[in-house]
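Enquirer: What follows is each chain in one-letter form.
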Amino acid sequence: MKTEDVIQFSIRATLGYPTRTLLMILAMSIGVASVILLTALGEGARRYVTREFSSLGTNLLIVLPGRSETTGGHPPLVGGTPRDLTLEDALSLTRSSAIRRVAPITVGSAPVSWKYRDREVTILGSTSELFEIRDLSMAQGRFIPSGDPTRGAAVCVMGYRLKKELFGNQSPLGEWTRIGDRRFRVVGVLAKKGQSLGLDMGDVVVAPVASAQALFNTSTLFRILVQANSRDAIPKAKKAILGIIRERHEGEDDITVVTQDAMLSIFDRIFTALTLSVAGIAGISLAVAGILIMNVMLIAVSQRTTEIGLLKAIGAPGRQILRLFLAESAILSLIGAAFGLILAFFGTWALARAFPSFPITVPVWALGAAVGVSLLTGLVFGVLPARRAAKLDPAQALSRR
Amino acid sequence: MIHLVGIKRVFQVGDEAVHALSNVNMTVDAGEYIAIMGPSGSGKSTLLNIIGLLDRPDKGVYRLEDMDTTDLTDDQQASVRRHKIGFVFQFFHLVPRLTAAENVELPLILAGVEPAERRSRVQAALSALGLSGRAKHRPDQLSGGQRQRVAIARATIMQPRVILADEPTGNLDRTSGKNVVQSLEDLNRKGMTLILVTHDPDLGSRASRKVVMMDGRISEDTGAS
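Quick note, the sequences are listed as chains G and Y, same order. So for the first sequence, our numbering puts the first residue at 3; every next one is plus one. So for the second sequence, our numbering puts the first residue at 1372; every next one is plus one.
Don't take each hint at face value.
What the hints assert, rightly or not - Once the Cα atoms are required to be at most 27 Å apart in a straight line, the calculated BS3-like pairs of lysine-lysine come out as: (1) K393/G with K1430/Y; (2) K1379/Y with K393/G; (3) K1507/Y with K4/G; (4) K1581/Y with K1549/Y; (5) K117/G with K194/G; (6) K1581/Y with K1455/Y; (7) K1561/Y with K1581/Y; (8) K4/G with K1455/Y; (9) K1581/Y with K1379/Y; (10) K1455/Y with K1561/Y; (11) K393/G with K1455/Y.
As the list claims (entries may be wrong) - Not the full set, but computed from the structure, chain G residues with beta-carbon under 8 Å of chain Y: (12) G18; (13) T21; (14) E309; (15) L312; (16) G317; (17) R321.
Derived from the structure by calculation, the hints contain no laboratory data. Just so you know, even glycine gets a beta-carbon here, dropped at the ideal spot from N, CA and C.
Taking the hints into account, I'd like the entire structure generated from these sequences.
Expert: Rendered as structure tokens:
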């Protein structure tokens, strides 16, 4: 029997029982579509996180007070910090040749008001270097001026959303706002950049670090952002930071330096694992589809007992019957997979429309894997019914009507 | 052409062993027209199935054209059925989703014949049985007699040496039954060996040789030499 005749015969057989065929195709397409959609979501999440981290700036190192053995993630939330980071610590880091820029950061929350409107927002105390390190851009005016960081000027820059809420469409440049119990002059408005690391840059006020420290009556820093000279200089910069701070902190290693690369690679690994496990979970639906195929094919074998007997009587060996039934389940799986691809295409399209900022992407390997696994499922679960058909006793099969 | 020596076939029904055939000996020459008769359960159909290689005897030797069939593999048996034997059944056993022409074409497809040759052979076979106008009809659009003639076309499309017909008229009214029998007898006149199993004494008496079975044995054989 020729291969094209096997395929044609099997297709005719699937068309002969439309309800059964539709059910199997539906099950298979849902399985394939869910595998593709879920991996696309996982892959999208991975890209989203990677993008967020990259938007922090390039060649970035983050210095946190306190010692921690981890190489990424949150700063230690509990446990004492032996020695706080100070502005002087931050400024001393500029000594290293591997370090290009240093931005000390102090964070607090305070009410910001202009005329009768006021809002509680996050106040970010830093220096002019933050602008380059964080890769910010201005919508209006300029960033906080450079100059002696230990002497804070009474100026501030605000995020675009805060500006809109306080000033509406008026220009805030040159206006005096009240932050806590001090007055600051607005010199600029940040451009829209979106979120980064959970801090919405549209909703902050950036003030000179010394002014912010005075405002919150503290001399400590939340963290220090350090930009290395180049990607290759990152390990050297890390070493230099540890050395300088140890020297300043009487030989104690009481800080944690986190590099952006380390965080990126950790998140990359986490999300790749996540994608794979969701794909595995979706794979269960493929297995369910496989079991459905097996059941339906078993029913088909008993429905078509006389047909099988007849095929044997007119000269089809058991091997041939096996091939015919396997071809049938393979064809059903492939058609199901094709519909699954279409379904997944519309699904990702709809998700991309609904969440435009989420970079949903279907990894190419997921397409191949979904189709391959569905074909394999069809064949594996098709073996049992096909074998049953092949072993059928023709004399008995033909004795009924 | 067909030599059966000491054929025995036992079916296990529950705890009981049913002797469908016990020690059957029979020789059939090429071109014969044989009617196998006998009451239900006498072993007629089992005998036909063994001749058609659909069933294997538990004991005995079956030689078809000087070839011992008892130790053929499944593939070899299928090949013998494909090329040398044509079956006609009481319930036609046409594939319901295929047209008359496609049903007739099936043995050619299984044998791997080229599509162009298949088409012309199917057409010739259908017109020989007066079914040219029905080629595109599915079995449920045909009458019983037409269905059986489609089945005969399918059984003869490979030019087999033997036609085995199990109650070919059992499910037909008298007129279409007569038509079907005439079609089969035409084939016999062209040299095909025809063996049919029947209950119908009229039909049995038309055959040139009559074999009567009783309790798994041949009780009467008008052609036994």
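Enquirer: Does K393/G sit within 27 Å of K1379/Y, going by the straight-line distance between their CA atoms?
Expert: holds, 23 Å
Enquirer: If you draw a straight line from the CA of K1455/Y to the CA of K1561/Y, is it 27 Å or shorter?
Expert: holds, 15 Å
Enquirer: Is the interface hint satisfied for E309/G? The criterion is a beta-carbon contact with chain Y at less than 8 Å.
Expert: holds, 5 Å
Enquirer: Is the interface hint for R321/G satisfied, with its Cβ closer than 8 Å to some Cβ of chain Y?
Expert: holds, 7 Å
Enquirer: Hey, does the G18/G contact hint survive, CB to chain Y under 8 Å?
Expert: holds, 3 Å
Enquirer: Within 27 Å, alpha carbon to alpha carbon, are K4/G and K1455/Y?
Expert: holds, 21 Å
Enquirer: With a cut-off of 8 Å on the beta carbons, see whether T21/G makes it to chain Y.
Expert: With Cβ-Cβ at 13 Å, over 8 Å, it is violated.
Enquirer: Given L312/G as an interface hint, is its Cβ closer than 8 Å to any Cβ of chain Y?
Expert: holds, 5 Å
Enquirer: Is it true that the CA of K1581/Y sits at most 27 Å from the CA of K1379/Y?
Expert: Judged against 27 Å, a Cα distance of about 21 Å means the pair holds.
Enquirer: Given the hint that K117/G pairs with K194/G, test it: the Cα-Cα distance must not exceed 27 Å.
Expert: With Cα atoms ~24 Å apart, K117/G and K194/G stay inside 27 Å; holds.
Enquirer: Between the alpha carbons of K1581/Y and K1549/Y, is the straight-line distance 27 Å or under?
Expert: Status holds; Cα separation ~19 Å.
Enquirer: Does G317/G pass the interface hint, meaning its C-beta sits closer than 8 Å to a C-beta of chain Y?
Expert: Hint on G317/G: holds, closest Cβ of chain Y at ~2 Å, below 8 Å.
Violated hints amount to a single one, hint 13; each of the other numbered hints is respected by the structure.
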